[in-house]
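J.: For reference, the chains in residue letters:
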Amino acid sequence: MSLKLKIIVILFSVFGLQSCVDSFLDKLPKSTIAMDDFYKTDADFKAALVGCYEAINTPSIPNFGQVQSGTYNYGLYYFLDGCSDIAIATPTFYTGQDMVRGSYLTSQSEINCFWNAFYAGISRCNYLLDHINSSTLTSTQKKQYTGEARFLRAFYYLHLAKLFGGVPIANSSTPDPKAPRNSLQEVYGFIIDDLTYASDSLTATGRLGNASANKWTAGAYLGETYNYLASCKRYDVGKSLLAQCPLNDFSWVDAPSYSVKARDILASVINDGPYILVPKADYPKLFHEMSKSTQYKECLLMSEFSANTSKGNLIYYLFSPSGYLYGGSYQRVFPTMKLYKSYETSTVSADIRRDMFITGNYPATKTIETIDANNYFVPSPSKPTSTSDADWCTGKFRCVDPASRTLAINLCTTNHPLMRLADVYLQYAEALYFSNDEPTARAQFDIIRARITTNPAALRTAYTRTDFVQELLEERARELCFESKRRIDLVRFGKTTEYINGLPLEGTKNLKDGITSTQSYWKADHSADFKIWLPIPQPQVDLNQNLVQNAGY
Amino acid sequence: MKTKQFLLFLFVALNTLFGSLAFGQNAGNSSASLKITGSVVDENNEALIGATVAIKDGSGTITDVSGNFSIACKKGAILTVNYIGYESQNIVISEQKPYKISLKTNTRMLDEVVAIGYGSSKRKDLTGSISAVNSETLAKTGATNFSTALQGRVAGVKVNTQSGEAGAGVDIIIRGQNTLYAGSTPLYIIDGMQIDINSSEVATSTMGGGQNTYNPLSSLNPSDIESIDILKDASATAIYGARGANGVIIVTTKSAKNTQKTDVTFNFAYGVSQISKTLNMLNAQDYVKYRFARGGTDATTVWGKDYGDGNGIVPIDIVKNNLTAYDWQNEITKIGTSQNYDISLNSVLLNKTRISSSIGYYNQDGVMLSNGFKRYSGRIKVDHEITKKLKMGASVTIGRVASDGAMSNGGTSGSGGFTGLVQLMYLQRPVNIFSTAELGQTFGGVFIPLASMVSTEAYKQNVSDRLLTGAYVSYLPITGLELKLNGTTSNTASKLSEFYSTNTNYGNSVNGRGGISTTSSDAFTLTATANYNKTFLKNHQISALLGAEMNSYIFESFSEVTQGFDNQSTGVFDLSKGITPQKPSTNFNETTRASLFSRLSYTYLGRYYLTANLRADASSNFAPAVRTGYFPSVSLAWRASDESFMKPLSFISNLKFRASAGTTGNDRIPAYLYLAQVSPDYYGSNGVTLTGLAMSAPGNKDLRWETTDQYNGGLDLGLFNNRVSVVADIYSKDTRNMLLNAFTPGQTGVAKQWMNIGMMSNMGIEVSLVTRNIEKKNFTWSSTLNVDANRSKVLELGGDSFFSVTVNNGSFSNGNGTEVGRVIVGQPIGTIYGYVADGNYQLSDFVCKDNTGAVVDPSTITSLNQKNYSYTLKPGVVNFGTGQVYPGDRKLKDFTGDNVITNADKQVLGNSEPLFNFGLSNDFKIYDFDFSFFIEGSYGGKILNAFRAGVEPSASNSNWNISVDSWQNRWTPENASNTYAALLNHTTSYNYLTSNYVEDGSYIRLKNIVLGYTLNKKLMAKLGISKARLYVLMDNVFVLTKYTGLDPDVSSPVAFLKGMDQTAFPRTRNITMGLNINF
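Just so you know, the sequences run in chain order A and B. Counting in this note's numbering, the first sequence runs from 1 upward without gaps. Counting in this note's numbering, the second sequence runs from 1 upward without gaps.
Worth flagging that the hints you see were computed from the coordinates, not collected in a lab. Incorrect hints may appear among the rest.
Said to hold, decoys possible - So the derived label-pair ranges between C-beta atoms look like this:
#1 D372(A) <-> S509(B): 52 to 58 Å
#2 T862(B) <-> I368(A): 36 to 42 Å
#3 G799(B) <-> W252(A): 44 to 50 Å
#4 S585(B) <-> A204(A): 37 to 43 Å
#5 F573(B) <-> S293(A): 44 to 50 Å
#6 G897(B) <-> D529(A): 25 to 31 Å
#7 N969(B) <-> K366(A): 34 to 40 Å
#8 D37(A) <-> G799(B): 32 to 38 Å
To be verified - The calculated SDA-like cross-link candidates involving lysine to any residue, where the alpha carbons are at most 25 Å apart (straight line), are:
#9 K538(B) <-> N1078(B)
#10 K142(A) <-> S679(B)
#11 K104(B) <-> G699(B)
#12 K893(B) <-> K776(B)
#13 K30(A) <-> N686(B)
#14 K280(A) <-> N686(B)
#15 K30(A) <-> S585(B)
#16 K30(A) <-> F524(B)
#17 K27(A) <-> A616(B)
#18 K27(A) <-> K776(B)
#19 K752(B) <-> P29(A)
#20 K40(A) <-> T489(B)
#21 K701(B) <-> K162(A)
#22 K752(B) <-> T497(A)
#23 K40(A) <-> S679(B)
#24 K752(B) <-> I169(A)
#25 K495(B) <-> P29(A)
Just so you know, even glycine gets a beta-carbon here, dropped at the ideal spot from N, CA and C.
Given these sequences and hints, build the entire structure.
T.: See below:
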């Protein structure tokens, strides 16, 4: 056999081996799951939907790393109640204090975590939506998954838009990485589309049971969105900043018709939905770790945790009494004296909420109270005149005695309410008022207050303000404090600078003067008008030069 | 003369080839038998005892104690005379007469055979850049693994050890790092088996522990190695295609050579080692003084307990108060010892079967308590000639490494803070004295009883095995053509067992903690080659290679940690006693490659050389459509010294010019990255966990190998009959399509995606100079000098101008992700990035006031009254914005002009890339003594001495011990120092990385001294010993350096800041005595 022939034989056998070589080289992962094998069955889509929800409170996102300082894992609690008139950060020991007192810069990592986590949530929704049509699911199943995914996408965009203003809209799983910011009009158009779809197509039961958003959740968020837009328009939110960043304009909003839309859909949530305001006896259970069945009666959506090391809620970041060894917090945020004093204390019509929400720490000598067959330590009462941090806590949320729990001492299963029927009532009151029905609007306050005092009539007298909006904001603070509402409430009524600068010079901790008078530089940080928007995170601007920065940063 | 020798060689070689194949049998029949006698001598006319004298047909003999031999052969037969260390010689028997054969010392330059990919070549015929290290040089280093033995020995090869611990990881970079995220280590070829360094092959702790790694090749006994060839330029490495960009290290183990007798070699060595440098830390009494001097409320709260005469704040006198003082460095270290035994047997049976085998045992008792290292190695290699045309062979190499130690890996550095034994022996307080808070706690989270970490309360053992096997069949169907099928496998298995009882700091909080991690790897390489050599028309010589290869690598890992041991007596050996098992983890990944390759070499007149390579590689790490890459190279060489016009310049014995260009690749990234993947996530529902899946990696279907284009120009020069030889190379390497895990805008839902973007370059010069200075009968002196300089530069990072290099914990850390360096476009890798120090804040920088608000004259301020005053910076003095500053705090330089120190004031503080490295060895032979010493060094690299910041006082460092220097020279009102800050340095409470901690890493090290004595050969021959040598070897004798850390040989686990020193297991100075006996 000549050499030439041999070479030819070798070459032929090489080509003949081609398919053999291909199978030798086609290696698929075994420890991880390739996406090509996913998005096929109902179980796959259910798992994908869990992933869509997870971004609400995830501590980390694969590929991004740690993001908990920007999600409802804990970071968002701090910056949605901080930079307001009801909460102030401790001076040290917490890197996120800048978020609470408004002294953040564009490089603040919490802001980048928030951006990344919620865009990751949007991306997960888009992956699900991009794969649903090619799946073999029934049309009912498709409708369910599409509805929930579109709700969540809107939920994430709502947060981004409320905090950053206009942001880039990504409506596919492979969006343009260099896309510029869309205007608020475009973003809210997109949000309202998604929420309307969810509200119309979802039923009362979500795919993930209690944890899922349903028809009523979508309705409540839709109503809240209309209210938000209408008040931003009415109160000229950010108008002075438009010259520098025109895409955060609200002038396109048709405020009267949005208020009517809000009124109608919120009325439907209240009247047609299954949710109730839990009675007075059950009221504390709304904030107690193990009383979830009570919470599901009133909460339309919560940031949900579970008894699993991968999904436990980190106790020490909660707005709970100080002392994490007993189910309490590190106490990184303090209530302001203004909030404390906003509650009625006269013996005939005392508001029970003050001492539920503002407490001292867990004292050395422990008292146990049993709620729904679970043991909780009882915090000591707050002492507003004390200079000790331990006597002045945001003590709203309570965790069980850690000894009775299988999770590690720093983890609990306490859920954080995101949309509670009490909020829906207050949103409804607002919509009624701006739809020119002030009497019915004010009547909603009575419904809220009926369960927190022994004498509602006297309380009404004490709380009534001629300025409806003033009373609304006060009532929202009293009812919804530490539930991630306050910062946005101040922004949408144009009150941020006024309320913070108007904080009384009393008490040991308040946002205006900080912890000591020498730290008054905080004031300049937080009261600037441009602080109604967070800066677009510096790393994002560096990676995508098409992202214009918000005014003032 | 040279030409004659060459022609003679050619004649002999061709005769051997053709003669044996075609005419061998005929020649045998036609000649009459002669009895030939003769003697074999060296260049000095000294008899060579035990030299082999063999005839081509197989019979042969060895020389006796007088160097004489006698042999029966036929007229025209060729006698081949071999002696280790000498060039072999062929003698054509023409007549019956005594032959006196004089062998020349092997100069190891021109006729040295070096391994090239899938073959070998004489050094004189090389067109590429290849360096070699032989077994003798390896032996001179006394190194326990071959990787460290290369340190300083080869131009262009930078070797850094991660620590002084036996078996510690070694980082080898050839001609500069040319990749960022893909593997940067060279490809190792051990007897044909392709091995990528995967440090995970040695199981590491999953319950915390260092980022330092063990060397997965430390199971290989260096005395089994015949030679190490290092392929540097593209001409040499392109034959390895997508795996060649980082250079290739070919390790060839020993084979039987002596056809006439069985060689038995016995090596024995015993050594002692001691820590080469300690840090000067405060003693117990000074430590107490320091703690009191921290002032403030410390005097009442730090001590918390009345140790003295009743008033609670008395100064403590260590002796008077009967407190035990500890010198931790002394207490947990000792003199280490080591023993090494190996025996090897090399034999040729019936002139058909060559057997080479060895077993070895090495045992090191480390310089730190409870630390030890053992290696068991064994090897057998058999080559058998079935017929003249058919050969087969097989080999098995097995090695086991067992290392012990509570923190044998050097503990944590870089992540998790300073918790390892190697850091704590400096930092641990030298006296058992506690604060109020600590008194009530067992260990208080800060006081760690070091004794428990080196006692039976802590257990840590790693056992790692490596099995290498190989088998081949070689067939010579026609003259000049060799068909060969070669298969090799590599298997590793490693297991780490750990247990920390409740009586250790690490086990205390969880009531005992035990765990096991295992890793294993299975790899094979199957290679088929056809090699064809032919000479046409006398002067045209070609050599062609065609090959196909399949390669597979599978890696698996497993780990399990359990806590809560009510009964701890069985420790890690019964994990079921732990009541709270943690999540176990397993992982599997696999990479396969299929390749075709070819090489064509053409030589004209033995003077003009051309070599061309082409390799095609398909790698499973990339998507099917893009997974095949083509890697060509071409090289030229011209031996000018053989030209007739050079004849007059007779002092030039060799002059060759080489040039090469080619493309190599790098596919060394984790498997499956091109695939989009989903991973689990969790959400709660009524307290119950829902498990979901979401995209965790976006994948990239276009991902492909990284490409490095290399250019090399070289010169080989020999002068005065090669008494002086020079090899010089200049090179440039340009890497493009770099595999980067690039940041993407978060709005895509992806933070990072693997992409082929970015470019970097390396340029450099290498010079090796070998001189035979003196060659007298009883005195020879030769020197080898190599110098190299490399400049790396990042050219592009996919549109970014830099990315940060961060550490999670450590001296400069203030939480997660503290920036310590940057990879910057236009700069080399290894850039230290931080603030420029500007001394300290002095009293004159402040307006000082007393508590009534009256201004105080600074000259009246003393250490005692200092705390009674308030200090306000004068306008215009650089400040930290809202951060409070006190006299004696570190001052930093402002570069933005706003007088305020912000992130924007950070600067490039230095780079760890040296300007040049060098190694110089001198070898002497004086009568029966041999003596050599080796010096190596590096100039111009900077080191970030991060650990120094850890042993200086700062506001956040409240309990650790500090260095004597920082205590004695601290800033006080009386000592307006600008070198060390005041004790409570507030600005460094933010742990700023400043230029203070950037030090010159230049050094000159007397690395090895070896003194050997060869016992009288004639005497030994009577005992049946052909050679016996006694030697004493000193390793790491001393270092000249300005660097203040333990050793300037620093290799940090932080990938882009290798020059960061967070301290590691200390380097040692070793003295070894040994004996080599050849039977």
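J.: Now tell me if each hint is right for this structure.
T.: We went through each hint and held it up to the structure:
1. D372(A) <-> S509(B): 52 to 58 Å: Cβ of D372(A) to Cβ of S509(B): about 32 Å, so the range 52 to 58 Å is violated.
2. T862(B) <-> I368(A): 36 to 42 Å: violated, 56 Å
3. G799(B) <-> W252(A): 44 to 50 Å: Between G799(B) and W252(A), where Cβ atoms are some 35 Å apart, the hint is violated.
4. S585(B) <-> A204(A): 37 to 43 Å: Because 41 Å falls inside the window, the suggested range holds.
5. F573(B) <-> S293(A): 44 to 50 Å: holds, 47 Å
6. G897(B) <-> D529(A): 25 to 31 Å: holds, 28 Å
7. N969(B) <-> K366(A): 34 to 40 Å: violated, 51 Å
8. D37(A) <-> G799(B): 32 to 38 Å: At 33 Å between Cβs, range holds.
9. K538(B) <-> N1078(B): This hinted pair is violated, its Cα atoms lying about 43 Å apart.
10. K142(A) <-> S679(B): Distance of about 23 Å is within 25 Å: holds.
11. K104(B) <-> G699(B): violated, 61 Å
12. K893(B) <-> K776(B): violated, 63 Å
13. K30(A) <-> N686(B): The hint is violated at about 32 Å.
14. K280(A) <-> N686(B): Roughly 22 Å separates the two Cα atoms, so the pair holds.
15. K30(A) <-> S585(B): Within the cut-off at roughly 13 Å; holds.
16. K30(A) <-> F524(B): Between K30(A) and F524(B) the Cα gap is close to 20 Å, so the pair holds against 25 Å.
17. K27(A) <-> A616(B): Roughly 19 Å between the alpha carbons, so the hint for K27(A) and A616(B) holds.
18. K27(A) <-> K776(B): violated, 63 Å
19. K752(B) <-> P29(A): Distance of about 20 Å is within 25 Å: holds.
20. K40(A) <-> T489(B): Distance of about 40 Å is beyond 25 Å: violated.
21. K701(B) <-> K162(A): violated, 36 Å
22. K752(B) <-> T497(A): violated, 38 Å
23. K40(A) <-> S679(B): It holds: about 16 Å lies between the C-alpha atoms, which stays within 25 Å.
24. K752(B) <-> I169(A): holds, 20 Å
25. K495(B) <-> P29(A): Holds - the C-alpha atoms of P29(A) and K495(B) are around 24 Å apart, at most 25 Å.
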